[in-house]
Amino acid sequence: MTDTIRDAVKGFVVENFLFGDTSQALADTDSLIENGIIDSTGILELVAFIEDRYGIAVADADIVPANLDSLARITAFVASKTPATA
Amino acid sequence: MCGFVGYFGTARDGRTLLERMTAAIAHRGPDEQGVFTAPEVGLGHARLSIVGLGDGQQPMSDATGELTIAFNGEIFNYVELREQLRARGRRFRTGSDTEVILHLYDEMGDDCLSVLNGDFAFALWDARRRRMLLARDRMGVRPLFYTQRDGRFYFASEVKALLQVPGVTAEIDPVALDQIFTLWAPIAPRTAFRDISELEPASLMIVQDGSVSTRPYWSLDYPDRDAPSRHTDEREAAEELRALLTEATRIRMRADVPVGAYLSGGLDSSITSALAVGMAPAGLKTFSVTFDSAEHDESAFQLEMARALGTEHRAVACREGDIAAVFPDVIRFTERPIIRTAPAPLFKLSGLVREAGLKVVLTGEGADEVFAGYDIFKENRVRRFCARQPGSRIRPHLFRKLYPYLPGLQQQSAEYLASFFGANGHATDDPLYSHRPRFDGTAATKLFFSGDLRGKLANYDAAEELASRLPAAFARWHPLHQAQYLEARFLLPGYILSSQGDRMAMAHGIEGRFPFLDHQLVEFAASLPPEMKLKGLVEKHILREATGDMLPPVIGKRTKQPYRAPDSASFVGAGAADYVEAALSEAAVGATGLFNPKAVAKLHEKCRARPATGFRDNAAFVGILSTQLWLKTFTGIDSRSQAA
Chain A
86 MTDTIRDAVK GFVVENFLFG DTSQALADTD SLIENGIIDS TGILELVAFI
136 EDRYGIAVAD ADIVPANLDS LARITAFVAS KTPATA
Chain X
5 MCGFVGYFGT ARDGRTLLER MTAAIAHRGP DEQGVFTAPE VGLGHARLSI
55 VGLGDGQQPM SDATGELTIA FNGEIFNYVE LREQLRARGR RFRTGSDTEV
105 ILHLYDEMGD DCLSVLNGDF AFALWDARRR RMLLARDRMG VRPLFYTQRD
155 GRFYFASEVK ALLQVPGVTA EIDPVALDQI FTLWAPIAPR TAFRDISELE
205 PASLMIVQDG SVSTRPYWSL DYPDRDAPSR HTDEREAAEE LRALLTEATR
255 IRMRADVPVG AYLSGGLDSS ITSALAVGMA PAGLKTFSVT FDSAEHDESA
305 FQLEMARALG TEHRAVACRE GDIAAVFPDV IRFTERPIIR TAPAPLFKLS
355 GLVREAGLKV VLTGEGADEV FAGYDIFKEN RVRRFCARQP GSRIRPHLFR
405 KLYPYLPGLQ QQSAEYLASF FGANGHATDD PLYSHRPRFD GTAATKLFFS
455 GDLRGKLANY DAAEELASRL PAAFARWHPL HQAQYLEARF LLPGYILSSQ
505 GDRMAMAHGI EGRFPFLDHQ LVEFAASLPP EMKLKGLVEK HILREATGDM
555 LPPVIGKRTK QPYRAPDSAS FVGAGAADYV EAALSEAAVG ATGLFNPKAV
605 AKLHEKCRAR PATGFRDNAA FVGILSTQLW LKTFTGIDSR SQAA
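Heads up: the protein sequence lines correspond to chains A and X, in order. The opening residue of the first sequence carries number 86 in the working numbering; numbering runs sequentially from there. The opening residue of the second sequence carries number 5 in the working numbering; numbering runs sequentially from there.
For the record, the hints were derived by calculation from the structure and aren't laboratory data. One or more of the hints may lead you astray.
[Claimed, not checked] Facing chain A, from chain X, some residues (calculated, C-beta under 8 angstroms):
1) Asp-228
2) Gln-415
3) Gln-416
4) Tyr-420
5) Phe-443
6) Gly-445
7) Ala-447
8) Ala-448
9) Leu-451
10) Ala-580
11) Tyr-583
12) Asn-600
13) Lys-606
14) Thr-617
15) Gly-618
16) Arg-620
Fair warning: this is a prediction, and the values are worked out from it, not measured in the lab. C-beta: ideal position from N, C-alpha, C; glycine also.
Here chain A stands alone, though its shape is the one from the complex:
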């Protein structure tokens, strides 16, 4: 399941924040903020994507870098919130 989530999230990040540019490899643990991929507006776009795609509500307290600042973290966070799809 996590591979599916990771691929979907990566697809969203590459399309929406990298505009399809895959010239620079994005590792699963790369920080989206430190690499200039996402800004404050982008975080909200990411949260909207997760909510729309996985039908979950992301609480304000969950919108922290520990949950959302890399593909690996986002994948783990979404997986933890979507047990029904396991």
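Fit chain X to the supplied structure of chain A, relying on the hints for placement.
Just chain X now, kept in the frame of chain A:
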């Protein structure tokens, strides 16, 4: 206020070339044009008559005919200087400030620059020594560009005049583009044009015996952070500030034509207008821009201030579609790609002033650099406060207070706020610490650079080059003064005074004057202790103290609202301008070769779908569009030329 052109070196058809170059900048001086030629030398001038209406024609020679000057700008203390020169036996043939420079140079040589208080650029031909002196004012209000071709040296107030010179071509400088997409502006002497340079502010250049040399004649300096300040009494400092600002305004009201004022509704232009209204016996006309979008519009404050001062006020509305309508013209005048649309409303504003029949306006520009008004200064302070306690969940909430107008930030957690502003990660001894979030955030736009452009730039780092230009004393300054220096020395002349200032005003033959950039006031402000400028998180504290009695409380206590304009939203949606589609098409972007066509297409689509995009996407959109327009305007490259 005017424009000039010239050359030094053996020439054929020099007069014809001068006339062509002068015609290219006729908008700067619609009142009259003149040329001067001598063996190996030519000067051309386009005049906007403001001082010495009947006898200030240029180029102007002295009584001996050995000194000749082409001059753009104003020497505001020319009345005092002329009296001093007369007392020393000098005789004047005109009432102009131009002639004052000729006499001063005759007496003092290059040192004459030290006594000039003004906004100026000039070229002075000294036939005795066969040398050309070029100079530019201290803060970089007036522009001066130059190039060399076939052994001849050329100069002009705007690049478009230099493009009239046979053999001078318009090619984009990839490094300048990297600087714009990181620092918002090229670092002078570099310009967007590969073969054309700009004289740095506060510098003079001597062209003689086939060689060119440049040196600064003034520098912006701050006290060492540990040195005791000479300003210990805040009330005394406020009184001194008031006196300096009043005098700076008084000498900037000197003109043989009426002087008006921009009134944005903010603190700075309200102060300059309040001072000016008492110095305009015939009444003061004020001008402002209004926006449809509430987040950009300040019309309520503008009207409040105009009513309080009793000025004759006019406003020009910047409605949906207006920015897109003028943007190609804006780029023709900025002569460089830009990453924000903010110059466009100012283009419309100067047009309004022209329609009203005025040629000169005061503005509040410079106060934010001089008295620490920008949010970036507060951000620097909060980031350093957070860095002292990494991981704090309380301290980063202060970032919300700084940017109440950015809804995306208001909803973020303390952890994210700290991450966005690099509050935990950046080294606080980095000389660019204050500006790292801005530079990093802007550099993210380089994602759209094509593989070819990235290859040309290799490992170039614009921020590193900027850091290499800092003076040795920089490390000893207080962090606020370091941040102020970066703004005042680079972004002010490189963007604010050029793309938003001189170029937008002169597009309609309007001269802007800036009391806050009087060099004596600038030097005074630099000497003030940091806490008198930024008190806690209250910006321009000492300025408020010095002028509070002049303004309605609603203005005097107002927190700074940055001047912004709608960015990508101006170019998408119903009624989007046709040229936008053409400039950003995959064919057009591919033809120019600077950006990744598919990525640009996706960005365009994203902005169309969600006009409320973030900073990076907005900056990228405007930067790419303006670069495409720049290329089309100055090089003729677009999809059609590629197809041909």
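Against the structure, the hints come out as follows:
A cut of 8 angstroms between beta carbons decides the hint on Asp-228 of chain X: the least distance to chain A is about 34 angstroms, and the hint is violated. For Gln-415 of chain X, the suggested interface contact is upheld, since its CB lies about 7 angstroms from the closest CB of chain A, less than 8 angstroms. A least Cβ separation of about 6 angstroms between Gln-416 of chain X and chain A falls short of the 8 angstroms threshold, and the interface hint therefore holds. For Tyr-420 of chain X, the interface hint holds, since its Cβ comes within 8 angstroms of a Cβ in chain A; the closest pair sits about 6 angstroms apart.
Taken as an interface hint, Phe-443 of chain X does not check out: its beta carbon lies about 10 angstroms from the nearest beta carbon of chain A, beyond 8 angstroms. Interface hint status for Gly-445 of chain X: upheld, as the beta-carbon distance to the closest one in chain A is roughly 6 angstroms, under 8 angstroms. Taken as an interface hint, Ala-447 of chain X checks out: its beta carbon lies about 7 angstroms from the nearest beta carbon of chain A, inside 8 angstroms. Below 8 angstroms, beta-carbon pairs count as interface contacts, and Ala-448 of chain X has one with chain A at about 3 angstroms; its hint therefore holds.
For the restraint placing Leu-451 of chain X at the interface with chain A, the shortest Cβ-Cβ distance is roughly 6 angstroms, inside the 8 angstroms limit, so the hint holds. Taken as an interface hint, Ala-580 of chain X does not check out: its beta carbon lies about 19 angstroms from the nearest beta carbon of chain A, beyond 8 angstroms. With its C-beta approaching chain A no nearer than about 22 angstroms, Tyr-583 of chain X sits outside the 8 angstroms limit, and its interface hint is violated. Annotation: Asn-600 of chain X was flagged as interfacial toward chain A, and the flag holds, the nearest CB pair being 6 angstroms apart, inside 8 angstroms.
Taking 8 angstroms as the C-beta contact cut-off toward chain A, the hint placing Lys-606 of chain X at the interface holds, the least distance being around 4 angstroms. With a least beta-carbon distance of about 7 angstroms to chain A, the hint placing Thr-617 of chain X at the interface is held under the 8 angstroms criterion. A least Cβ separation of about 3 angstroms between Gly-618 of chain X and chain A falls short of the 8 angstroms threshold, and the interface hint therefore holds. The interface hint given for Arg-620 of chain X is met, as the beta carbon of that residue sits about 5 angstroms from the closest beta carbon of chain A, less than 8 angstroms.
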